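Asks: Kindly generate the complete structure, drawing on both the sequences and the hints.
Chains D and V, in that order, are what the protein sequence lines are. To convert, take the position in the first sequence, counting from 1, and add 1; that gives the numbering used here. To convert, take the position in the second sequence, counting from 1, and add 1; that gives the numbering used here.
Hints were generated in silico from the structure; no laboratory data involved. A portion of the hints provided could be inaccurate.
Identical copies go unnamed one by one, so any copy, or any two together, can satisfy a pair.
[To be verified] Here are the simulated DSBU-like cross-link-like pairs (lysine-lysine), alpha carbons at most 35 Å apart as the crow flies:
(1) LYS280 to LYS292
(2) LYS98 to LYS4
(3) LYS4 to LYS309
(4) LYS426 to LYS292
(5) LYS94 to LYS426
(6) LYS427 to LYS339
(7) LYS94 to LYS4
(8) LYS339 to LYS280
Note that the structure is predicted; figures quoted are calculated from it, not measured.
Protein chains: 2
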Amino acid sequence: MVKVLHYPSAEADELLQKKSNDDDQVAGQVAEVIDKVRREGTAALFAYTKRFDGADVREDNFAISAEEIERAYGEVDATVLAALRRACENIRKFHEKQMRPSWIEPESDGTMLGQLIRPLDRVGIYVPGGLASYPSSVLMNAIPAQVAGVKSIVMATPPGKDGSINPYTLVAAAESGVTEIYRMGGAQAVAALAFGIGMEKVDKITGPGNIYVTLAKKQVYGTVDIDMLAGPSEILVIADDTASPAYVAADFLSQVEHDVRAAAILVTPSLELATAVQKEIETQMATLSRKDLMAQALRDNGAIIIVKDLEEACHVSNLYAPEHLEVLTAEPFSLLGKLTHAGAIFVGPYSPEPVGDYYAGPNHVLPTGGTARFYSPLNVDTFMKKTSVIAYSRERFYNTAEDIMALAKVEGLDAHANAIAVRLKK
Amino acid sequence: MVKVLHYPSAEADELLQKKSNDDDQVAGQVAEVIDKVRREGTAALFAYTKRFDGADVREDNFAISAEEIERAYGEVDATVLAALRRACENIRKFHEKQMRPSWIEPESDGTMLGQLIRPLDRVGIYVPGGLASYPSSVLMNAIPAQVAGVKSIVMATPPGKDGSINPYTLVAAAESGVTEIYRMGGAQAVAALAFGIGMEKVDKITGPGNIYVTLAKKQVYGTVDIDMLAGPSEILVIADDTASPAYVAADFLSQVEHDVRAAAILVTPSLELATAVQKEIETQMATLSRKDLMAQALRDNGAIIIVKDLEEACHVSNLYAPEHLEVLTAEPFSLLGKLTHAGAIFVGPYSPEPVGDYYAGPNHVLPTGGTARFYSPLNVDTFMKKTSVIAYSRERFYNTAEDIMALAKVEGLDAHANAIAVRLKK
Chain D
2 MVKVLHYPSA EADELLQKKS NDDDQVAGQV AEVIDKVRRE GTAALFAYTK
52 RFDGADVRED NFAISAEEIE RAYGEVDATV LAALRRACEN IRKFHEKQMR
102 PSWIEPESDG TMLGQLIRPL DRVGIYVPGG LASYPSSVLM NAIPAQVAGV
152 KSIVMATPPG KDGSINPYTL VAAAESGVTE IYRMGGAQAV AALAFGIGME
202 KVDKITGPGN IYVTLAKKQV YGTVDIDMLA GPSEILVIAD DTASPAYVAA
252 DFLSQVEHDV RAAAILVTPS LELATAVQKE IETQMATLSR KDLMAQALRD
302 NGAIIIVKDL EEACHVSNLY APEHLEVLTA EPFSLLGKLT HAGAIFVGPY
352 SPEPVGDYYA GPNHVLPTGG TARFYSPLNV DTFMKKTSVI AYSRERFYNT
402 AEDIMALAKV EGLDAHANAI AVRLKK
Chain V
2 MVKVLHYPSA EADELLQKKS NDDDQVAGQV AEVIDKVRRE GTAALFAYTK
52 RFDGADVRED NFAISAEEIE RAYGEVDATV LAALRRACEN IRKFHEKQMR
102 PSWIEPESDG TMLGQLIRPL DRVGIYVPGG LASYPSSVLM NAIPAQVAGV
152 KSIVMATPPG KDGSINPYTL VAAAESGVTE IYRMGGAQAV AALAFGIGME
202 KVDKITGPGN IYVTLAKKQV YGTVDIDMLA GPSEILVIAD DTASPAYVAA
252 DFLSQVEHDV RAAAILVTPS LELATAVQKE IETQMATLSR KDLMAQALRD
302 NGAIIIVKDL EEACHVSNLY APEHLEVLTA EPFSLLGKLT HAGAIFVGPY
352 SPEPVGDYYA GPNHVLPTGG TARFYSPLNV DTFMKKTSVI AYSRERFYNT
402 AEDIMALAKV EGLDAHANAI AVRLKK
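Replies: Okay, structure coming up:
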């Protein structure tokens with residue numbers, strides 16, 4: 002059973018407070034892995050791959066070959082490949098709308114100021130692997146990089162015990178512009194990408210991973226850039242009595258099948274809906290394969306919060322700042338402006354989370370754990386950087402030299418003032 | 002004397018390799034400060050302020066009062082205030098051009114996809130203080146936040162021994178939309194901003210600081226967002242024989258007066274220019290106040306690199322990825338497209354770095370230490386975050402349901418497929 006809490010209450014407040022990702026013990030282990038890979042190179046990297054993934058990876062099979070990718074195309078189902086290609090097209094189309102041009106604006110006295118927006122040279126995308134296959138994660142990381150114009154898109158994904166990578170993952174990489182693929186995972190893969198072990202170093206690492214990957218990304222931050230620090234996945238559903246209990250229940254279950262740490266919260270003014278959703282969860286769960294995992298996640302991190310009205314529901318949602326936010330109300334669009342903190346908002350009855358996870362176009366790499374207050378979904382900007390351009394004309398320079406020297410002097414920097422003064426001499 | 006190196010050479014390669022910011026011993030001290038402030042609150046914060054800044058700060062004088070700001074207006078020079086206001090206007094105008102609208106695009110079958118771009122709620126800006134006064138740092142951090150629409154802009158700056166804050170810093174804060182100012186600095190200030198000690202917590206911390214501030218920002222990254230990790234300041238000048246040796250020398254000196262760790266590099270095909278610049282440096286340095294500091298910085302981190310042509314100069318500059326890049330050549334604009342990694346590019350003889358440091362409009366908070374490969378200047382995006390919007394119509398949903406279920410199933414997630422299937426039932 003999913004617990005029912007009333008808002009405001011101490012229990013609801015506690016639930017809405019996110020826990021931090023910090024884990025000193027794991028952080029220490031991760032630091033050791035990173036340091037060893039950095040110092041000892043591929044020998045350490047391959048030793049960790051043997052230890053953590055059970056696979057024999059060597060210099061000669063570290064990179065995925067063109068033949069392996071070709072073979073993967075022979076192994077995937079044609080219907081799935083066609084669906085994957087349509088998903089690629091949607092994702093590409095959405096991310097193309099995020100592109101912005103560089104600009105340099107000439108002013109009447111000859112001065113030009115501007116901002117160049119250009120792609121990063123080389124990025125690393127991390128895709129979880131092992132037994133499971135996450136072709137959608139490949140698309141969601143690689144396509145924005147490709148749209149941005151990144152030349153080298155390097156994918157790291159942990160191999161299975163036999164050294165293999167799932168064929169759907171390989172096909173997804175080929176379809177979305179990945180230029181190099183390496184058999185490696187965990188903190189050791191993050192270290193290899195950041196310090197250029199077994200390959201050239203990258204400029205930025207993106208993509209979700211487990212706690213080891215996340216803490217490794219934090220530790221190499223600064224040596225390279227990273228997208229964000231991700232934690233367990235979560236959904237918050239705002240619904241009124243017009244919502245279908247079957248839909249809400251199905252969306253709860255789709256969220257919690259990921260992980261026992263995944264969270265699902267319904268915020269509603271309707272006690273009747275709350276009761277009906279609980280019943281539907283039991284009915285639907287019985288038909289699904291990951292029952293035990295879902296039951297535990299719902300018990301630990303599931304909740305229904307009863308509020309007095311939809312206004313208060315928006316307030317509660319903003320406190321939680323959910324990764325995924327579904328709005329299943331009579332007039333969902335009227336709430337959009339009030340929902341200030343969320344990774345992605347799924348509006349209306351025909352936008353369940355899997356629509357966005359796989360297909361619609363917006364990115365599924367989203368801020369978790371309340372970080373939607375300050376992080377954004379992965380997007381084209383993630384793979385670009387800006388450079389300012391300042392070209393003062395002689396006229397502008399002469400007209401403003403006194404101001405600039407006055408400001409330099411008040412900061413006590415007379416060599417700054419001198420750089421202006423020397424240009425005034427004749 | 003500034004050393005002269007030829008490119009390519011082992012010495013030039015070594016110089017172009019940036020050193021990392023990592024310092025395990027300092028990182029340990031910083032972690033202790035953060036942990037203590039987080040656990041013990043303002044008691045620890047004020048104790049550190051006493052210890053590191055020598056100032057008595059208590060609950061009742063922690064925040065700067067309206068009266069203190071009013072008093073500061075009485076203490077500043079009218080000419081400087083007027084210059085500061087013109088700088089504000091330029092900075093505001095430039096950053097307003099970086100604003101982008103949210104968009105939601107309706108498609109013909111009723112589906113709507115979009116991206117909301119909205120300001121952060123509350124940000125902390127760090128401004129170095131103590132004896133010096135950096136009003137320009139206040140403007141460069143606060144104005145982009147103000148343009149973005151951030152409601153609460155909190156400034157932290159370390160007090161002098163007597164607890165005072167420089168009046169120019171206070172006036173700059175008032176002119177640029179800062180809403181709260183607290184007397185605190187160092188790692189303890191970063192901890193207070195991130196965990197809400199003595200005030201409400203912020204969502205993001207920006208602004209440069211010393212190594213303690215930088216490492217503290219790295220450690221709280223994830224609890225809050227940060228702008229970037231900054232190191233010592235640097236300039237790279239590309240010049241040919243049309244450049245004025247006096248200008249290049251002045252710009253070298255303005256860069257190295259900041260800090261003994263500041264770096265200045267001239268890249269030129271002209272040996273004649275190299276010799277003339279060295280002479281000019283000696284002459285000009287004799288007239289300036291921070292001679293010893295500048296001489297040491299030039300000896301340690303100054304260099305002239307001789308290249309065969311301007312094409313190679315661009316290549317060398319891209320390897321270094323400088324924070325500030327000046328182009329003093331006959332046709333500087335023709336090189337812009339080749340200069341792929343730089344924080345800001347100063348084009349032509351009338352754009353010395355101080356023009357951008359104080360006045361022109363583009364931001365002076367720039368990526369250092371080679372991080373211009375992946376970081377951007379502080380900008381309006383720094384203070385905004387995105388939220389995706391997905392509103393599928395019934396028609397789109399029915400037309401794409403099979404694709405979405407196929408992709409869910411290939412990832413082994415049958416509860417995801419169920420969230421689609423349950424909506425197809427009637």
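Asks: Against each hint, give a clear statement of whether it holds in the structure.
Replies: Quick rundown of the hints versus the structure:
no.	hint	result
1	LYS280 to LYS292	within (15 Å within a copy, 79 Å between copies)
2	LYS98 to LYS4	neither (41 Å within a copy, 49 Å between copies)
3	LYS4 to LYS309	within (18 Å within a copy, 73 Å between copies)
4	LYS426 to LYS292	between (81 Å within a copy, 22 Å between copies)
5	LYS94 to LYS426	between (55 Å within a copy, 30 Å between copies)
6	LYS427 to LYS339	between (61 Å within a copy, 33 Å between copies)
7	LYS94 to LYS4	neither (41 Å within a copy, 52 Å between copies)
8	LYS339 to LYS280	within (30 Å within a copy, 64 Å between copies)
This entry does not satisfy hints 2 and 7, going by the numbered hints stated previously.
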